[in-house]
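Start from the sequences, fold in the hints, and give me the full structure.
There are 2 protein chains.
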Amino acid sequence: MKAELISVGTELLLGNIVNTNAQYLSRRCAELGFSVYYQMTVGDNENRLCDIIRTALTRSEIIILTGGLGPTQDDLTKEAVAKVLERNLLPDEHSRQRILSYFMKRFGLKEGEPIPSDVMTKISQNNWKQALIIENSIVIDNDNGTAPGTIIKIDGKSIVLLPGPPNEMIPMFDEKIMPYLKGLQSNVLFSRMIKICGIGESMAETMILDLIENQSNPTIAPYAKDSEVHLRVTASAQTIEEAEALTLPIVCELKRRFQDNIYTTEEKDHLEDVVVQLLKEKNFTLATAESCTGGLLTGKLVNVSGVSSILKEGYITYSNEAKSKNLFVKSETLKKYGAVSEVTAAEMAQGAAKAAKAEAAIAITGIAGPEGGTNEKPVGLVYIACYLKGTITVKECRFQGNRQKVRDQSVIYGLDLLRRCLIQQN
Amino acid sequence: MKAELISVGTELLLGNIVNTNAQYLSRRCAELGFSVYYQMTVGDNENRLCDIIRTALTRSEIIILTGGLGPTQDDLTKEAVAKVLERNLLPDEHSRQRILSYFMKRFGLKEGEPIPSDVMTKISQNNWKQALIIENSIVIDNDNGTAPGTIIKIDGKSIVLLPGPPNEMIPMFDEKIMPYLKGLQSNVLFSRMIKICGIGESMAETMILDLIENQSNPTIAPYAKDSEVHLRVTASAQTIEEAEALTLPIVCELKRRFQDNIYTTEEKDHLEDVVVQLLKEKNFTLATAESCTGGLLTGKLVNVSGVSSILKEGYITYSNEAKSKNLFVKSETLKKYGAVSEVTAAEMAQGAAKAAKAEAAIAITGIAGPEGGTNEKPVGLVYIACYLKGTITVKECRFQGNRQKVRDQSVIYGLDLLRRCLIQQN
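In order, the protein sequence lines correspond to chains F and P. Count along the first sequence from 1, then add 155; that gives the number in my numbering. Count along the second sequence from 1, then add 155; that gives the number in my numbering.
In short, the hints are calculated from the structure, not lab data. There may be inaccurate statements among the hints.
Pairs count within a copy or across copies, as identical chains cannot be separated in the list.
Stated by the list, open to error - 25 Å max Cα-Cα, derived BS3-like pairs, lysine-lysine:
| # | residue 1 | residue 2 |
| --- | --- | --- |
| 1 | Lys-560 | Lys-312 |
| 2 | Lys-560 | Lys-260 |
| 3 | Lys-512 | Lys-480 |
| 4 | Lys-532 | Lys-485 |
| 5 | Lys-532 | Lys-491 |
| 6 | Lys-544 | Lys-435 |
| 7 | Lys-423 | Lys-337 |
| 8 | Lys-265 | Lys-157 |
| 9 | Lys-260 | Lys-532 |
| 10 | Lys-560 | Lys-380 |
| 11 | Lys-550 | Lys-265 |
| 12 | Lys-491 | Lys-265 |
| 13 | Lys-560 | Lys-331 |
| 14 | Lys-437 | Lys-544 |
| 15 | Lys-380 | Lys-491 |
| 16 | Lys-312 | Lys-485 |
| 17 | Lys-550 | Lys-260 |
| 18 | Lys-265 | Lys-560 |
| 19 | Lys-260 | Lys-380 |
| 20 | Lys-512 | Lys-435 |
| 21 | Lys-512 | Lys-485 |
| 22 | Lys-532 | Lys-265 |
| 23 | Lys-490 | Lys-308 |
| 24 | Lys-480 | Lys-509 |
| 25 | Lys-480 | Lys-435 |
Here the structure is a predicted model, which is why all the values come from computation and not from measurement.
Have a look at this one:
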């Protein structure tokens, strides 16, 4: 089936934001077995938007629109689709109630409580526009915002409307639209994700070139994500069991080739989930000590709900003073080797474990740039230390890229070092 | 003038890569004063590509294509444009020589040296395809690769062909295409960014509905970004000075309406830059104490290069134990009010300032979910406390959305509270 993506928003045409939604949805469509032939981006302009929708209806079976469902006058996607299909926009009581409870929560009011008139005033008149829906459509609740999504079936085609902000769009698509789209396919797809950390994209691809070149069913789609490589193995068959069976030999072969570099084969799991799980299994608590990453590694760990049972304390020690005071890094060490050194990283990890009385600790110190680099210690030089019940492992990394990229890579490599130490420890 | 961007490449339609070229060129076009009404993405398919080019020629004056100029059989952009314009592809000796010297450099050979036959073999036959140019076109040298660019003038319109890889496309565009495009424009544009924090998108828009409805030159474009609202004011005039002067009354009016909710009018500044700058101006050092955000706020501050002069220490105190030990939060407080309470937040901020001997501190404690919520203290309830030289300000927030969204909003509101306290403090 042919799918077409229409991204709506003047901010895209002005180049204020990069269109990550198109990439996300394209990838999802590929997983579903749909062929995306066109990605269109158009501004918040009714005539041009209507034209684009009309064209899409002549050539694609599935049309997914993102953006333009917001509360403002600029937001016209629903209006344009209704106009093209010659359908009315009708008030939807269910959506109105959801918008109301969204705001009640926000203003600290409980369900059933009388709504003070000032709250009603604060819910700008604009927001009620979001409770208008296209007639004969399926309303999709938005659990992360006020704009509901929509599915419209017309002449064997499907039009899907999604909110633009990725943190609203992605959960809505994954939880509510994917099952619908899967139902349009006669064959079912089963896919397995192999998530790899610690080797580069081109190296990973070289290692499986033969598999990629000979693929048909299942297919292997590699993509790089921050400092990780994800390989999606997808098979198509009459039943989910058959499709799963088709993926098995390839998954086994990938496991054989990548070994410990694979941190999970579960789509839903991120690196931080795996690390927290390993710590829980071993009944270890963790302390963190961060310099150049300034809290980002711990922040990522706290993504995991329930991390409290293993995370004891985190120290952000950007200054030498803080490294000495909170983590017992010796002043001689700082003088002799400098704050960015193997020895300092090791002492930071050991000190964090001691201060927090934790079995495990991870420490990061490095030069994120743009300033602070020297010939001997260039920007991108980062030391990561892992303390595990008396044993310290230090890794020296030399990252490329700007400040942000150096810090992001440090976080991933930090989590990965902890993971590797945990699986090696017995 | 109307510009249209056409990105060519199946890797975009499969979602293997995100289309950063479209963003880059859109931004450049906006700076040049061109209106980009459409961004189209199409795969390496001649018929579909020809259709898209024909449509673009009916509605846009400047058409910029990226991608599909590579050496492989898949690369069809030049062929498609030649077909639509009914022009021939002709061998270009200058481009052939450049391709040759590109490879000679790569194989370490000097200009004028005889070319070994194995080098000639290594320059794949495909590469010579890149020396074919569309008749009656301007060839643009590529200093970073083998695919030359092209400018074609036809019936008052311009078609520009650029290579796809950003490290070839960007320098070629900036150095060689920008001067050409500037020559097409009679007017220049000036734009100013107003960045607002602490009020929602629809509320912000309601406050300026009258300005937006009556806009012509300058225009006001609002967009929401995380928990912020950005307003771009853009004017067009004969000179940059005139254009800037046109934006002034609107910028003043926006400042009058939004007051302290505006944290910057500088495009390049983020909220964390402004906070670090305010701390530096007041010569204050900062300590942070984070529970549910787990280091993300401090991590954002460390985005700012040179933050070391103001950031003393950060404490990630996810457990009650850590709150008491490192931040001196009283156990009675935790027992009586709970870890997520106004009093705990206040004690955390005060304790962090004391522990780090800092003039300022920011503390965050909340329920990010999905577990841990109760009727009285629902998921999304977050207390943010700011300590500033003895004065403590606590803000109660009730955020919507999933764990990630609650935490992201907490970070922005935390930075914003610190900013507001700093500007109010004298």
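Original post:
Quick one: Lys-550 to Lys-265, C-alpha cut-off 25 Å, is that within a copy, between copies, both, or neither?
Top reply: between (51 Å within a copy, 20 Å between copies)
**OP:** Go through the copies and call it for Lys-260 and Lys-380: within, between, both or neither, with a Cα cutoff of 25 Å.
**Re:** between (35 Å within a copy, 22 Å between copies)
Original post:
At most 25 Å between C-alpha atoms: does Lys-560 with Lys-312 qualify within a copy, between copies, both, or neither?
Top reply: neither (42 Å within a copy, 34 Å between copies)
Original post:
Are the CA atoms of Lys-437 and Lys-544 at most 25 Å apart within a copy, between copies, both, or neither?
Top reply: within (11 Å within a copy, 44 Å between copies)
Subject >> Intra- versus inter-subunit Cα pairing at 25 Å for Lys-532 with Lys-265 >> reply: Close across copies (11 Å), not inside one copy (57 Å); limit 25 Å.
**OP:** Up to 25 Å between alpha-carbons, please classify Lys-491 paired with Lys-265: within, between, both or neither.
**Re:** between (60 Å within a copy, 23 Å between copies)
Subject >> Intra- versus inter-subunit Cα pairing at 25 Å for Lys-480 with Lys-509 >> reply: both (13 Å within a copy, 13 Å between copies)
**OP:** Go through the copies and call it for Lys-380 and Lys-491: within, between, both or neither, with a Cα cutoff of 25 Å.
**Re:** neither (38 Å within a copy, 45 Å between copies)
**OP:** Can you give me the call for Lys-560 and Lys-260, within, between, both or neither, at a CA distance of at most 25 Å?
**Re:** Between copies only: 15 Å across chains, 37 Å inside a chain, cut-off 25 Å.
Original post:
Is it within, between, both or neither when you check Lys-512 against Lys-435 at 25 Å Cα-Cα?
Top reply: within (16 Å within a copy, 35 Å between copies)
Original post:
How would you label the pair Lys-512, Lys-480 (within, between, both, or neither) given a Cα cut-off of 25 Å?
Top reply: both (16 Å within a copy, 12 Å between copies)
Original post:
Is it within, between, both or neither when you check Lys-512 against Lys-485 at 25 Å Cα-Cα?
Top reply: Result: close both inside a copy and across copies, 19 Å intra and 20 Å inter.
Checked against the numbered hints above, the structure breaks hints 1, 8, 15, 16 and 23 and satisfies the rest.
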